[in-house]
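Heads up: the sequence lines are chains A and B, in that order.
Per my numbering, residue 1 is the first one in the first sequence, and the count goes up by one each step.
Per my numbering, residue 1 is the first one in the second sequence, and the count goes up by one each step.
All clues stand as given, with none of them false.
The list that follows gives simulated cross-link-like pairs (lysine to aspartate or glutamate, DMTMM-like), each with its CA atoms no further than 25 Å apart:
#, chain 1, residue 1, chain 2, residue 2
1, A, Lys-129, A, Glu-146
2, A, Lys-35, B, Glu-8
3, B, Lys-2, A, Asp-86
4, A, Lys-129, A, Glu-151
5, B, Lys-2, A, Asp-47
6, B, Lys-2, A, Asp-46
7, B, Lys-2, A, Asp-50
8, A, Lys-20, A, Asp-5
9, A, Lys-20, A, Glu-49
10, A, Lys-35, B, Asp-13
11, B, Lys-2, A, Asp-19
12, A, Lys-167, A, Glu-121
13, A, Lys-167, A, Asp-86
14, A, Lys-35, A, Glu-49
15, B, Lys-2, A, Glu-54
16, A, Lys-35, A, Asp-50
17, A, Lys-167, A, Glu-140
18, A, Lys-20, B, Glu-8
19, B, Lys-2, A, Glu-49
20, A, Lys-20, B, Asp-13
21, A, Lys-129, A, Asp-157
By construction, these hints were calculated from the structure, which means they are not laboratory data.
Computed from a predicted model, the values in this text were never measured in an experiment.
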Amino acid sequence: MSADDNQLRALMVAGLDGDKVAYRALLSAIVPLLKRYYRRRVGNPDDLEDLVQETLIAVHTRRATYDRDRPFGPWLFAVARYKMIDHFRRGRISVSLDEAEGALRDEGFEDSISAQIDVDEALRTLGGKQARVIRATRLEGLSVAETAVREGIGESDVKVSVHRGLKSIALRLRGGGR
Amino acid sequence: MKTGQLIESLAQDANPVRRHAVAAGVATALLAGTMLSFVIVVALVGLRADLVLAVAGPSFWMKFAYTASLACVAASAFAHLVRPGARTPGLLWLAIAPVAATGGICVHQLSRAVPGDRIAQIFGSSWSQCWWLIALLAVPIYAALALVARRFAPTRLRMAGGVAGFTAGAAAATVYGLHCPETAAAFLLIWYSFGIATATAAGALLGPRLLRW
Chain A
1 MSADDNQLRA LMVAGLDGDK VAYRALLSAI VPLLKRYYRR RVGNPDDLED LVQETLIAVH
61 TRRATYDRDR PFGPWLFAVA RYKMIDHFRR GRISVSLDEA EGALRDEGFE DSISAQIDVD
121 EALRTLGGKQ ARVIRATRLE GLSVAETAVR EGIGESDVKV SVHRGLKSIA LRLRGGGR
Chain B
1 MKTGQLIESL AQDANPVRRH AVAAGVATAL LAGTMLSFVI VVALVGLRAD LVLAVAGPSF
61 WMKFAYTASL ACVAASAFAH LVRPGARTPG LLWLAIAPVA ATGGICVHQL SRAVPGDRIA
121 QIFGSSWSQC WWLIALLAVP IYAALALVAR RFAPTRLRMA GGVAGFTAGA AAATVYGLHC
181 PETAAAFLLI WYSFGIATAT AAGALLGPRL LRW
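The shape of chain A in the complex, shown without the other chains (with noise of 0.2 Å):
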């Protein structure tokens, strides 16, 4: 990837001084990279598209805030992954539940984002051992040894419930693309 890095700065500097071909290449190339990275955090393949285009105009739009001294990868992604959650914030989007945790503890968009996911919704349609230990390791931030002792199960139980209730939820989430 360093050497692709390098390749890639390359050409943004050269677009950053004006030379539109290097610029036209840059842009034609992030965009493989930017389907893949989308591709694995986003529900809908439908919203790939958009976001790509979304995420050009941003990088260029924004191509001031380049460092010209530092890596091109990190740069890019750290503008992906923030149109990703704005469009996630907005509805617009269905993001997977780790990128969705992982736009909740984002800072400033927890307010937004969980009115997005009704929480207690999702937790009610699932079953009850399965509800009560995400809630309590999830959302109260008991260890899975300490919800194993409350619920008086194995901390294997804990870990097989929660995994399979955020599953269910997940296939919830995306298939109703709420």
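Guided by the hints, dock chain B onto chain A, whose structure is given.
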């Protein structure tokens, strides 16, 4: 629009970008906001009547050095934070230096004063208006910094907002020093800092709302 067409039109629009565009943008915003704050100070509360005399004395420059150095550290950190993927700028730790220096002077002054004077050093005559006037004067500076941030690309909005508030508060405190007659280091350390802290907190709270791009 197909992605290929989009790339074509973006490439056509690719005018050169200055190497130090971010630093220049932040500096310009800071200057413009501070000038506006200066106008407000003059119009609202006026410059101190003994200003010409004051600049000949050390306490004026102690206040200036304290607030201006904090503003410089904060502004540099802010310039980092308007770039995507920026982490907490290590250079914020430099802010400890002016605080420590002023703290040293404060201890020295307090230790040499009789107990009655200590109260005067700590509260002065204007403590109750100093801190919120500084926070108020920080508003136009924060607004200018927020506008420039939206042209760039901060990804940590609460931190960028807080550092913008810190910058605005420290710059506002520097302008406020042109009006404020207090001379004690204790007053400076407590009330000026409280004003700057207020601006910082407000800036952090507003960051996620105002700095989005």
